[in-house]
Amino acid sequence: MSVSGVRLLLLLLISLCIPNVWADQSTLPYKIDIGRGGHCVRDPVWMRKNHMHLLIHQRDLTVREGKPNKEIDLRNCVECHASTKDDSVIARSDSFCVACHRYEAVKIDCFECHSGIRKSAWLQRNAK
Amino acid sequence: MSTSFALQHKKNRLYYALLAGAGLVVLLALYAVDLMEEKGHIITGMNNQIVWGMPHVFAIFLIVAASGVLNVASIGSVFGKAIYKARAPLAGLLSIAMLSGGLAVLMLDLGRPERFMLPALDFNITSVFAWNTILYSGMFGLVIAYLWSMFEKRMNVYSKPLGVAVFAWRFILTTGTGLIFAFLTARQAFGSAILPPMFVVMSFAWGMAVFHIVQMVIYAWNDKELEPEILERKKRLLGLFILGSLYMVAVYHMTNLYFAHRMSFERFILLDGGVYPALFWWGYVLIGNVLPLALIFMPGMKTKKSAMMASLAVVLGGFAFLYVFIIGGQAFPLDLFPGYEVSSTFGDGKIGSYTPSIYEILLGFGGLAIAFIITTVSVHVLNFMPHDKSYIAD
Amino acid sequence: MKDVQRRNFLKTSVGLAAVTIAPGMLLFKVAHGESDDNSKVRWGMLIDTSGCTNGCRECIDACNKENGLSGGLAPTDSQWIRKIEIKDVSTGHEFGLPMMCQHCAEPPCVDVCPTGASFKRHDGIVLVDKHRCIGCRYCMMACPYKARSFVHEPLHNQNPDVPRGKGTVESCTMCVHRVDEGKQPACAEACPNKSILFGNLHDPNSEIAKKIRAVASTQVRADLNLNTGVRYQGI
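In order, the protein sequence lines correspond to chains A, B and C. 15 is the number of the first residue of the first sequence in our numbering; add one for each residue after it. 388 is the number of the first residue of the second sequence in our numbering; add one for each residue after it. -16 is the number of the first residue of the third sequence in our numbering; add one for each residue after it.
Keep in mind the hints are simulated off the structure, nothing from the lab. Be aware that a few hints might be false.
Below, in silico cross-link-like pairs of lysine-lysine (DSS-like), each with a Cα-Cα straight-line distance of 27 Å or less [what the hints assert, rightly or not]:
#	chain 1	residue 1	chain 2	residue 2
1	B	K426	C	K48
2	C	K48	C	K193
3	C	K166	C	K177
4	A	K81	C	K23
Covered stretches of chain A (in silico footprint by chain C; criterion: 3 or more residues with CB under 8 Å from a CB of chain C, positions within the stretch not fixed) [stated by the list, open to error]:
#	segment
5	80 to 94
6	116 to 130
Heads up, the beta-carbon is just placed ideally off N, CA and C, and yes, glycines get one too.
Required output: the full structure, derived from the provided sequences and hints.
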């Protein structure tokens, strides 16, 4: 089996563990700050289940092949979903990425390297 | 009867105390790893100039010795010598134990240890490191199969071919370990075709020394006496291996001395590099070679004690050599502009400084402790004790 | 990849007869290793050391700022670009130059990386894919230019355009995030004497290609045959 096949299989197995609550769009059992929100690259229910596939697929294209995609770009996610209060997707327990991942008990290691702050805000903060 | 029972009881308690001690060392090592994970490698002595430090000294010693110890098994199965055949199971066990310890140290030192499976998934065909992951796991499998073939009567027929396979595999494995350094063409200390064979010959000496130590401890533990003829023969073989490795190291330095562009490095490592020449001459040459050779070949030195001392000295010398080789080799700056004097904020033209921290030393000892635990438990529960028929010269 | 190179090598060997017909062109191409890469773009730099004045740190500061490096000088701090002061021992002639990842066509770091985290992009830029880097530091052992740094501590507040993180190896990216947007690397833009010329080595009409044809340029450690993307003038 190819590497991507193995990955796909693993991801499928993992996605089996996602509880039914994802099917319901209207009620989430926790507080979440969706930032600006608005129209996403796909519909929200699909995104909740599949955003990681988009990210992982695009990450290899961007990094290794030098073919960035303006839409599917972590910076683009942050741009819309960072809190309007603190410009971050990870700063608080109800921040956009943290709220769900904490509920699902899935570790996010994106932000050990990637910035979780809206770029405009980052530029402002780091203007010298 | 009652005294021997009391003695057995005492030994049992000692056994569990030793295991607990080794377990504690492993725990301390895991604590160090956890701290390295949390704070980063900043808490080690390693830096951007000395990128491989103490953990690599321990890991490479264990891995090289793990390959060399199989020599004992090979002489038995490939060349059919009875006294070595009787020791093949113990040699196989030691190999697995040291390989486990060494690899554990190597993996836990990674900047991203949680990704240690990645080399298997995204395999880079040109990387010696990636080759080595195959060599190491293959060695595990082969040695386990080899042990099985020796313990299980119905598998006995496969013992010989498996012994030959192990024999070949460990040669390639140590070659691979040497190649890690041999391929670093830009570094004066490394980048030499002599390194793989040098590692192979050194593995013989280190593996044999470790085998001696363990064998003597096991015999003492079981109140058995190793036949002096056997001891004498194996002692002389160790002496031969020591001479062989010393010769390889001498050739390595001599060839470097012949290349004008490597003269300054040799000057550093053999003469004015501070701790490195000191460790090389006192640690490697004197303790690791002269002392054991004297203990082995000087007339009137036929005691068990001298064999034990010689083996311990070889192990210490091995560590000293690797410290000088790995860390000293990196401390000497890269020569970007041959013939020019250079300086910069990033250590160009400057000898790199390195002070090992307690955490990396703990990690290294953790590897030793893992090897110790695997060996001790296995010897305790399975029959790894060499059984000699009364000695007949082959 | 290797197959293509081998094929090209064979082609070149077979084409040796052509040397007599067009010796100048073919020998030039072989000597510079240009023939073994068919990519239309190969980003590179030509650095004029005569413009690298004593005490000037503009390129280094610009790099640190652009990529969010601390600028610390401890042996455990990252330095993607540094200035090397060079003195000819025999003549006493002194000069300086900026040193960073040389973006080799045959990068040793890529050869040794067990996971393929070190890789060369199609346009010649050598990068570390931090998603794959396991932090073994073998690439740092292999790099002849000491161009790479290991991130020794957890980082915070990274530039959104330049992800960096603890436990991985990093080095000059030739400001790939800027290059992809059609901009120049930060160091090239910052140099007050315009001594860092950035451009496409494979475009014969680019400024850098023209200049490399016109002036004598050097690769550092050319003896290693790595075919560097960063060339120096005036060494």
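Structure-based check of each hint:
1. B:K426 <-> C:K48: 24 Å, holds
2. C:K48 <-> C:K193: 31 Å, violated
3. C:K166 <-> C:K177: Between C:K166 and C:K177 the Cα gap is close to 15 Å, so the pair holds against 27 Å.
4. A:K81 <-> C:K23: Roughly 16 Å separates the two Cα atoms, so the pair holds.
5. 80 to 94: holds (count 4)
6. 116 to 130: holds (count 4)
Hint 2 alone, counting from the list given before, is not met by this structure.
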